[in-house]
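Residue numbers (my numbering), protein chains in the order written: chain A, 15 to 453; chain B, -4 to 335; chain C, 119 to 518.
None of these hints come from the bench; they were simulated from the model.
Honestly, I wouldn't trust all of these hints.
Facing chain B, according to a computed beta carbon distance under 10 Å, are these residues of chain C, among others [what the hints assert, rightly or not]:
id	residue
1	I172
2	F185
3	R276
4	S365
5	V472
Cβ atoms here follow ideal geometry from the backbone N, Cα and C, with glycine treated the same way.
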Amino acid sequence: MNTAVDMSRFVRSENIEALPPPNLARGPVAWVRENLFSGPVNTLLTLAVIYLLYILIPPIVDFLFVNAVWTGTDRAACRAETAGHPVGACWAFVIEKINFFTYGSYPAAERWRVNIFFALLALGVGWLLWLKAPRRDLGAIYFFWLFPVLSYILLTGGNVSLGLGFWIKFAVASAVFLAVLAAAAYALKTSMRSAVLIGGGIVAVIGITLALVNVDWGLRPVPSAFWGGILVTLLVATVGIVFSLPFGILLALGRRSKLPILRLASVIFIEFVRGVPLITVLIMANTMLPLFLPADMTVDRLARPLIGVAFFASAYMAEVVRGGLQAMPKGQYEGAMSLGLNYPQMMVFIILPQALRIVIPGIVNTFIGLFKDTSLVSVVGIFDLVKTIEASRIDPNWAAPTISYTGYAFAALFYFIFCFGMSRYSLGVERRLATGQKR
Amino acid sequence: MKKAIVSIAFGLTASLLVAGSASAQATLASVKQKGYLTCGSNTGLAGFGLPDAQGNWTGLDVEFCRAMSAAIFDDPTKIRFIPLAAKDRFTALQSGEVDVLARNSTVTMSRDTQLGLDFPAINYFDGQGFMVRKKLGVSSAKELNGASICTQQGTTTELNLADYFRANNMKYEVVAFATSDETFKAYDAGRCDAFTTDASGLYAERLRASNPDDHIVLPEIISKEPLAVAVRHGDNQWGDIVRWTHNAMLNAEELGVTKANVDQMKGSDNPEIKRLLGSEGKFGEAVGLTNDWAYRIIKHVGNYGESFERNVGEGSKLKIKRGLNAQWTKGGLQYGIPIR
Amino acid sequence: MQTAISQASPPKKSFLYDPRVRGIFYQVLLVCVVAYLFYMAASNAIENLRRAKIASGFGFLENTAGFDISQTLITFSAAGSTYGDAFVVGLLNTLLVSAIGIVFATLLGFTVGIARLSTNWMVAKVAMVYVELLRNIPLLLQLLFWYIAVLGPLPQPRDSYVMGAGFFLNSRGLFMPRPIYASDAWVIGAAFAIGVVGTIVFRRWAKKQQESTGRQYPVGLATIGLVLGLPIAAWLVLALANANPVSFDLPVKGTFNLRGGMQILPEFVALLVGLVTYTAAFIAEVVRAGILAVSKGQTEAAGSLGLKPGQTLRLVVIPQAMRVIIPPLTSQYLNLTKNSSLAVAIGYPDLVQVFMGTVLNQTGQAIEVVTITMGVYLTISLVTSFVMNIYNRRVAIVER
Chain A
15 MNTAVDMSRF
25 VRSENIEALP
35 PPNLARGPVA
45 WVRENLFSGP
55 VNTLLTLAVI
65 YLLYILIPPI
75 VDFLFVNAVW
85 TGTDRAACRA
95 ETAGHPVGAC
105 WAFVIEKINF
115 FTYGSYPAAE
125 RWRVNIFFAL
135 LALGVGWLLW
145 LKAPRRDLGA
155 IYFFWLFPVL
165 SYILLTGGNV
175 SLGLGFWIKF
185 AVASAVFLAV
195 LAAAAYALKT
205 SMRSAVLIGG
215 GIVAVIGITL
225 ALVNVDWGLR
235 PVPSAFWGGI
245 LVTLLVATVG
255 IVFSLPFGIL
265 LALGRRSKLP
275 ILRLASVIFI
285 EFVRGVPLIT
295 VLIMANTMLP
305 LFLPADMTVD
315 RLARPLIGVA
325 FFASAYMAEV
335 VRGGLQAMPK
345 GQYEGAMSLG
355 LNYPQMMVFI
365 ILPQALRIVI
375 PGIVNTFIGL
385 FKDTSLVSVV
395 GIFDLVKTIE
405 ASRIDPNWAA
415 PTISYTGYAF
425 AALFYFIFCF
435 GMSRYSLGVE
445 RRLATGQKR
Chain B
-4 MKKAIVSIAF
6 GLTASLLVAG
16 SASAQATLAS
26 VKQKGYLTCG
36 SNTGLAGFGL
46 PDAQGNWTGL
56 DVEFCRAMSA
66 AIFDDPTKIR
76 FIPLAAKDRF
86 TALQSGEVDV
96 LARNSTVTMS
106 RDTQLGLDFP
116 AINYFDGQGF
126 MVRKKLGVSS
136 AKELNGASIC
146 TQQGTTTELN
156 LADYFRANNM
166 KYEVVAFATS
176 DETFKAYDAG
186 RCDAFTTDAS
196 GLYAERLRAS
206 NPDDHIVLPE
216 IISKEPLAVA
226 VRHGDNQWGD
236 IVRWTHNAML
246 NAEELGVTKA
256 NVDQMKGSDN
266 PEIKRLLGSE
276 GKFGEAVGLT
286 NDWAYRIIKH
296 VGNYGESFER
306 NVGEGSKLKI
316 KRGLNAQWTK
326 GGLQYGIPIR
Chain C
119 MQTAISQASP
129 PKKSFLYDPR
139 VRGIFYQVLL
149 VCVVAYLFYM
159 AASNAIENLR
169 RAKIASGFGF
179 LENTAGFDIS
189 QTLITFSAAG
199 STYGDAFVVG
209 LLNTLLVSAI
219 GIVFATLLGF
229 TVGIARLSTN
239 WMVAKVAMVY
249 VELLRNIPLL
259 LQLLFWYIAV
269 LGPLPQPRDS
279 YVMGAGFFLN
289 SRGLFMPRPI
299 YASDAWVIGA
309 AFAIGVVGTI
319 VFRRWAKKQQ
329 ESTGRQYPVG
339 LATIGLVLGL
349 PIAAWLVLAL
359 ANANPVSFDL
369 PVKGTFNLRG
379 GMQILPEFVA
389 LLVGLVTYTA
399 AFIAEVVRAG
409 ILAVSKGQTE
419 AAGSLGLKPG
429 QTLRLVVIPQ
439 AMRVIIPPLT
449 SQYLNLTKNS
459 SLAVAIGYPD
469 LVQVFMGTVL
479 NQTGQAIEVV
489 TITMGVYLTI
499 SLVTSFVMNI
509 YNRRVAIVER
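Start from the sequences, fold in the hints, and give me the full structure.
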């Protein structure tokens, strides 16, 4: 009996609390061990990286924040000997010049127009990039037609005063154009109505555009020589994308076409542009474009690099779009054809919507490249952001050792925010598309 | 079908563009019709052509354009300035993008005869010089053997430099940049021992150094650089307006007519002043302007001496002496051709 | 079936509905439009050139240049050299910076790309930050930064850093001894060539031996011995037998600057550093994508065979990844070459700076100069893609 009683002392009447798992299997220490110190090589690597960071990070933080100068009106604030302490980034310089960096020499009283341009641009970009936005077809019309026209009027002041003679010529040319279309429709025995509608639409769009820029809106004209800074950077990028997407699609279709001459022309254009550096294209646009035009016709200084950038971006866009076209399964083409759709209908309604959708990441990546490349227009003397910084950093009022680094840091931050944002966006779309395809 | 429509539309717009602009005429007439003068100017050279942050232009060359605008419109502000880089300036003038080029451009025989340009008025006699740091202890360009020299590429400066060092049997290292800004920045950062450009440019650039007093301009002038205002070859009336705008300003200085006293001087009995200010003779009408053209210039801009002092002379930051640009009566080369 | 179809004769259609006819029509239209545009451009250009009295043709290449260039791989002087020589100088400078840049960008790019996939969390993150930072900032800005970063801290020539053995560093660049070869120095070069050829032959032989017998030979050791040992031996023999075959011209201080020796320009260094770090970020992404494309089973199989991680990477993963890596890698090399044209912003005398800058401005012959310059880049691109196509055909996986 006794024994039984004794025995019962060893029998638990209830479960004791389970021990936590060994401390090293999870938690920060285990994680550190697993990921940073799992072997001698790894440990060495980790230590080396820590040392590298120790060398790099504190000076950068010191420069950007700790020793930075935030207020001041001239170089005295940013020179160590006058400020009396070590001087890092001279943000006061950026703050004082921020209007110049944003608008260039755009007249101060008219800068609200540039602000509206920025807002319109943001609206258009947001509309197109947000995949679930309502009425994205309207968005496309807005971005590729209404927005450019409005921007042109806002930034230049519009009022190009075309004159009565021009309108008469325009009316005659439109009439001839419509007549040719009607005749073609008659000869081809296709619907007269649609031909006239299409022709009338084209004439109307061109006419409305011309009429809009012709109207005197009461805005003071601002020649493009005064534009500068972020305004020009965004403008070059916008023109690049507005022009390159449609033109790139046409080129890609041309390259995939069965018509040999059309294909050859597209291939030559694409490979030529992709084979040369942008800077040579810009120099060519700058020096050769005036030569190729009639003697009494001139192209605006800002328009020349815009044309160069637009052509350059088109070739790269064409290759991205071609990737999308090639990725379309053959069944899509055959299905469209079996429905009796002709080539334009097949492309516009079946192939392109799908193909463009899958290459959105590629398009955005091309746009990132384009956005970075806009800085090259400064080499041909256009006052973009980089050029305004280059011009400001030799201002004797602000002559101080860290001015150049500060200016470049500001520009780097600007470009980084835009490009990094876009690359994250394209990654997001890529993931979404990937899940879509998994189903 | 769509492609065809697109190409037709493209051709249509192209032909419209061409049609819309095809109208060549005399420069003066087209300037009057436009209502403003387009003036090719420097992208930024203190004393000659420099825009401030608000886009207001100042400088000797800029005031020349203002004088022309005053003579034509009785208003010195009817101008659009087109900043031009060295390499674009002549094409811009040739193509008609600018009506007149007042952008410290050296006139040479080849430019005058081969580029389809005329240079009716030399508004500044210049020459190429060197700037060095004081602490190098150099006092003559002849001591620059073995030096690194920063220069702007594609200019006569670059060629003169090579000639000068070759002629004096000296060695040097050239560092060439595309723009004057980059060139001077590199010099200021210590990349080169010396910086070379037109002497006037040296004084202007020195202002932009982190510490202007650290630098000196060496006395040697290694080339002749007559800086002139250029127009297209073949439009003689327009060339005459440029030539006589300059001479009116010179004569005004010689005769003592200034911006301040021009109204007073209008009543002067001096026949030379009377001819200058248009109360005698019809000199203005002969070049397509009004007879009080010179009065307008002096009223709105001033005479050559005033413009010089205000922009590059002792009254400015540059503090350049008149030197070669003094009146001929004071030992300089500026010689106003008589108006009669 | 067949008869049924042939019986239903197609409705008579206008020949205009024939897609072939339409195709021809569109193409003729295109040719007409393009030809018209070219014709307009050409006639305008001829008229404009005549009016501006600009010469045309390529005769200007024979004219005396009259300007100097800071870095020349061939002898060049303002007096004796022509614009054609200036073109060659620019081209060689472009090729030099591109070739050196490609080597370093590959090394750095592979390192960063592999680091991004490292199991070491910290290494992977640092590599990621590097890639994201460098990729999202314009190269031009980076070059401008590197130029002042290189130029800023360096002393004036009088206070040069003396690094010993004839090496000096100052704001004019890095100065080092220049080798002067005696007449019999070619023997050393020949020894080096023999070493390289010998290595290749030995490697092939060793590989064959290993495949047939399984025996391994010390390939690495033999390589070092042949490539380095032979030239050194040749040098020693020459030095003992005769006067020193290679002597050095040391830089010495002059009035302004160091004289003699070899000089590496700060512009070159800034351009090289900028191009290498920027391109490496892109190469890293290419490498990462390539390695991820090799299926995990390959790594696991290699592990189960007892290969160490380093060996797995070197012998199993990289060779397979190379198939994916090479095409985009080549296009990065091309990008680097094209991007070297940004030299114009920091004054390094590359093809664009010398030829499209100075020569274009001095001669005014825009059409010829632009055509030649673009032709050069285009040729480089086309030749590279031609070689790439051949390579791709060779390495394409042969399905069994």
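Against the structure, the hints:
no., hint, in the structure
1, I172, "holds (8 Å)"
2, F185, "holds (5 Å)"
3, R276, "holds (9 Å)"
4, S365, "violated (22 Å)"
5, V472, "holds (8 Å)"
Violated hint: 4 only; the structure is consistent with all others.
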